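Produce the complete structure using the sequences and hints provided.
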Amino acid sequence: MEDCKAVFILECLVSHQIFCSTVDFLKLIISRSSIERNAITIYERIFFVLNLWMDLLPSHFIVEVDKIKEIFNNWKLTMKEQFQSNFSLIEAKLNDLNETPAARLLPNFENSPLPAFMSKINGIDLLDIEPVELARQITLINEQFYIKIVPFEFLNKVFEIPKFTFNNLTNNITFNQQLNQWVKTQILSELSLQRRSKLLAKFINTVQHLISLKNLNSAQIIIKALKALPVASLRKTWILLPSPSKEYFENTNFEEILSNDDILNEPSIPVLENLLNEVSRMKQLDPNFMEKTEFIPIQKTRKFARIALKILKTQTLAYNFFFCREILSFIFNSKIVDDDQELIKFSQYVEQENTKSKVKMPEKLHKINSFKGDSTYSEKIKKKSTADIQKSKSDLQNQFSYIQQKKKSLGASIPNEHLPTTSLGVPYRVYAELIDKQIKLINLQSSMKIEQLTKLFNTFQSELNSIKDETCQEFNLIKQNLQQDIIDIEQHYQDKQPKLPKPTTT
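Numbering-wise, UniProt numbering puts 142 at position 142 of the sequence shown, and it's gapless, one number per residue.
It is worth saying that the hints were derived from the structure and are not from the lab.
This structure is a prediction, so every number in the text was calculated from the model and none was measured.
Cβ atoms here follow ideal geometry from the backbone N, Cα and C, with glycine treated the same way.
One thing to keep in mind: the hints can contain errors.
[As the list claims (entries may be wrong)] Ranges of calculated distance between the beta carbons of each label pair, as one might list FRET restraints:
(1) 48 with 251: 46 to 54 Å
(2) 35 with 88: 19 to 27 Å
(3) 338 with 260: 29 to 37 Å
(4) 227 with 79: 55 to 63 Å
(5) 65 with 339: 53 to 61 Å
(6) 342 with 29: 17 to 25 Å
(7) 333 with 78: 56 to 64 Å
(8) 21 with 251: 48 to 56 Å
(9) 328 with 71: 54 to 62 Å
[As the list claims (entries may be wrong)] List of simulated lysine-lysine pairs, DSSO-like, C-alpha gap at most 27 Å:
(10) 364 with 227
(11) 335 with 227
(12) 198 with 358
(13) 93 with 27
Put into structure tokens, the structure is as follows:
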């Protein structure tokens, strides 16, 4: 990407979407192969462009993948034999095309941190979730929306292009709005002044961790929620806020931090609002930017291409955290009030003075607190959190050791931490996610010998057979998923010899 030629080509590839479809542009590039003069040089350039295009802009190919495969197959029929080997690489990439390429996992595969577990498992309480883990889970959710955005969607949003159908950017904006309202609802629906102040500190600490994780988008959303009128008017709550949290929130120049768009070689999520503002400034400077002209306005399109490159670079690397289902379940099952006027009523009620003219509890606030105190809901959460409590600690430690050995055998490593004992079901999910990453890694290792793969397959099968506990419903589901993964590996390598053995049921 640092190569000037690659950057220039990528700018052109991004800009072409303004004027024609991916299929039409692909046909134009391939048509150059019919030029006889300097055929070798031309083919090398075509393959260079196509490789770069498919590596960094896979979303361009996903929409019309069948048409694109047909174009490549027709091109292959007319291609000289000396170029067939280069074409096979392009063909392999097209067959393995995915909206979020497995290659995103590789740079951060090593040293995946284990989740910072909750201090209690008797139900779910936001105050029991470590701020660093809350920041990680919010980041993982945000990442799922952000990496799917096609850069051209920003033009569509600002210039209101009706024919453009992708809605990934819209989904990300919706996530931002929901996160903002969720934070405000969590604070304002808490009736206890002390707990409300602790929640405020919790979110401020979460902002610190989000910034350190380079998830500036989610950090900005939470900061906005804390500065919004319903939360900002909680005078008593802010007075009780611990000094370190208060000093950090009041003295930190968030505007400078959030406006920093330097792209580092690490996972990051820029502020979505800043990117939209950049495109909006383009519209202000040239309202006719999107109008078709006789010639392609290179200088115009390069302005947007630079923004698109910023987006693509930050989408390249993946965060290496594990999803924690308890926290995700808590976030997604929480009640959200999306009306700020209603939240202002919450604020007035929870901090009212003890006067004769007492403010009546808002109906929605009553419903939320009834939901929190619902014994059936609490029992369900508790039962889900302790589903694996009968599994012995020694067996779990063996599973954890197996994970370490397996990652070590693949040239990776994980922190030498003790197995968490607060939520005994979680190590199984860690195990399952590691295996899933290993499978993706193996699929990328085209040089791996079939004997090695067979050996790894047998190890997986042996591990599945050694698990005897049939009482854990959740783990049985993971077990089935692993067996399906094994079948998928076999299917992927079915054209190779020797064939992998089929997994046996346990």
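Verification of the hints:
1. 48 with 251: 46 to 54 Å: 50 Å, holds
2. 35 with 88: 19 to 27 Å: Holds, since residue 35 and residue 88 (Cβ atoms, about 22 Å apart) stay within the stated range.
3. 338 with 260: 29 to 37 Å: 30 Å, holds
4. 227 with 79: 55 to 63 Å: Given a distance of about 60 Å, which is inside 55 to 63 Å, the answer is holds.
5. 65 with 339: 53 to 61 Å: 42 Å, violated
6. 342 with 29: 17 to 25 Å: Violated: the Cβ-Cβ distance is about 55 Å, outside 17 to 25 Å.
7. 333 with 78: 56 to 64 Å: 57 Å, holds
8. 21 with 251: 48 to 56 Å: 51 Å, holds
9. 328 with 71: 54 to 62 Å: For residue 328 and residue 71 the Cβ distance comes to about 41 Å; the hint is violated.
10. 364 with 227: 22 Å, holds
11. 335 with 227: Holds, at about 21 Å.
12. 198 with 358: With a Cα-Cα distance of about 25 Å, the restraint between residue 198 and residue 358 holds, given a limit of 27 Å.
13. 93 with 27: 18 Å, holds
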